[in-house]
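Undergrad: Chains as they are written, first to last, in the working numbering: chain H, 30 to 223; chain F, 28 to 163.
Pairs of lysine-lysine residues, derived as BS3-like cross-links and limited to a Cα-Cα distance of at most 25 Å, are as follows:
1. K150(H) x K130(H)
2. K155(F) x K150(H)
3. K162(H) x K150(H)
4. K47(F) x K118(F)
5. K125(H) x K210(H)
6. K162(H) x K47(F)
Heads up, incomplete: computed chain F residues facing chain H, CB under 7 Å, no partners named:
7. D126
8. Y127
9. K130
10. N131
11. P132
12. F133
13. C142
14. E143
15. L144
FYI, nobody ran anything at the bench for these hints, they're computed from the structure.
This one's a predicted model, so the numbers in the text were calculated from it and none came from an experiment.
We put the CB at the ideal spot given by N, CA and C, even for glycine.
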Amino acid sequence: MIGTGKIKQYANVLDKPLGKGKQEVSLSAFAFLFSELVQYNQTQVDNISELETRLEDAGYAVGARVLELLCHRDKGNRRETRLLGILSFVHSTVWKVLFGKVADSLEKGTEHEDEYMISEKELLVNRFISIPKDMGTFHCGAFVAGIVKGVLENAGFPAVVTAHFVPVEGQQRPRTTILIKFAEEVLRREARLG
Amino acid sequence: MAAIYSLYIINKSGGLIFYKGRMDTNDSLRVASLWHSMHAISQQLSPTTGCSGIELLEADTFDLHCFQSLTGTKFFVVCEPGTQHMEALLKVVYELYTDYVLKNPFYEMEMPIRCELFDINLTQAVQKDRVALLGR
Chain H
30 MIGTGKIKQY ANVLDKPLGK GKQEVSLSAF AFLFSELVQY NQTQVDNISE LETRLEDAGY
90 AVGARVLELL CHRDKGNRRE TRLLGILSFV HSTVWKVLFG KVADSLEKGT EHEDEYMISE
150 KELLVNRFIS IPKDMGTFHC GAFVAGIVKG VLENAGFPAV VTAHFVPVEG QQRPRTTILI
210 KFAEEVLRRE ARLG
Chain F
28 MAAIYSLYII NKSGGLIFYK GRMDTNDSLR VASLWHSMHA ISQQLSPTTG CSGIELLEAD
88 TFDLHCFQSL TGTKFFVVCE PGTQHMEALL KVVYELYTDY VLKNPFYEME MPIRCELFDI
148 NLTQAVQKDR VALLGR
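Let the sequences and hints guide you as you build the complete structure.
TA: So this is what it looks like as structure tokens:
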């Protein structure tokens with residue numbers, strides 16, 4: 030921070046206020062790092078679903094930490110107890126902090142009560158990635174699905190989260206949808222809370 | 028509307044990694060390695076030291092503009108004689124290459140480019156420049 034006065038020295042590092050930090054990181058730097066993450070995991074696995082699982086686990090770790098940080102920094106240590114509350118938290122706050130914008134849309138699934146979808150025209154992590162045809166349904170957005178899963182599970186809303194390509198007519202590139210399927214207990218609790 | 032006949036990208040060792048145009052695959056491979064050798068020879072033939080190779084070849088029916096990156100990857104385009112802004116176009120293609128090919132985890136270095144995003148953005152960039160990617 031550039032200032033003219035003396036910076037207050039804190040005796041204990043835990044007393045220092047949690048700064049906002051740098052708001053922006055180079056996109057290219059992130060793209061290369063993520064590309065390397067995918068390449069490294071490709072050498073460690075035998076098939077595509079294992080690769081997706083690995084990316085999801087990596088995202089899970091990020092999600093857990095992001096939840097703690099944002100709860101303290103942005104929400105004043107308040108805890109979300111309602112389903113819609115946590116979903117809009119993920120859809121706006123988490124997305125804003127991680128990707129610089131809110132997600133394109135949040136929808137409730139029509140077929141099942143426990144399904145919700147966050148969709149995005151193109152995930153930031155996928156901006157420069159072209160999936161080869163022989164990889165079928167593989168989606169690097171599994172990393173983002175892992176982040177969402179980490180946030181939800183650590184907030185007390187266990188769920189199965191996956192990322193899918195949804196073809197859109199009139200556009201060459203398909204949209205991406207993060208599908209969230211909540212566990213039974215979450216729905217029961219939600220019904221009890223009324 | 029000025030016309031581009033073909034676009035080639037060749038790797039450090041002279042192998043063709045990307046080709047857009049209407050020539051037969053074998054012929055395009057041959058042309059690419061031919062250009063690679065000529066480019067290298069021209070560096071030796073130059074009377075001045077520190078020559079970086081042929082940048083422009085002007086013939087009766089076409090012009091050939093070549094751009095070599097710092098890593099030795101060469102981008103060259105065959106176009107109608109007198110077409111403007113080809114150097115700028117080659118720089119744009121280089122930028123697209125660094126974005127959509129090098130940041131793609133599924134691309135192996137020095138291998139032929141099979142990236143959908145690169146193709147899409149390349150077509151857009153060429154059309155935006157109001158030149159047509161024609162074949163011959």
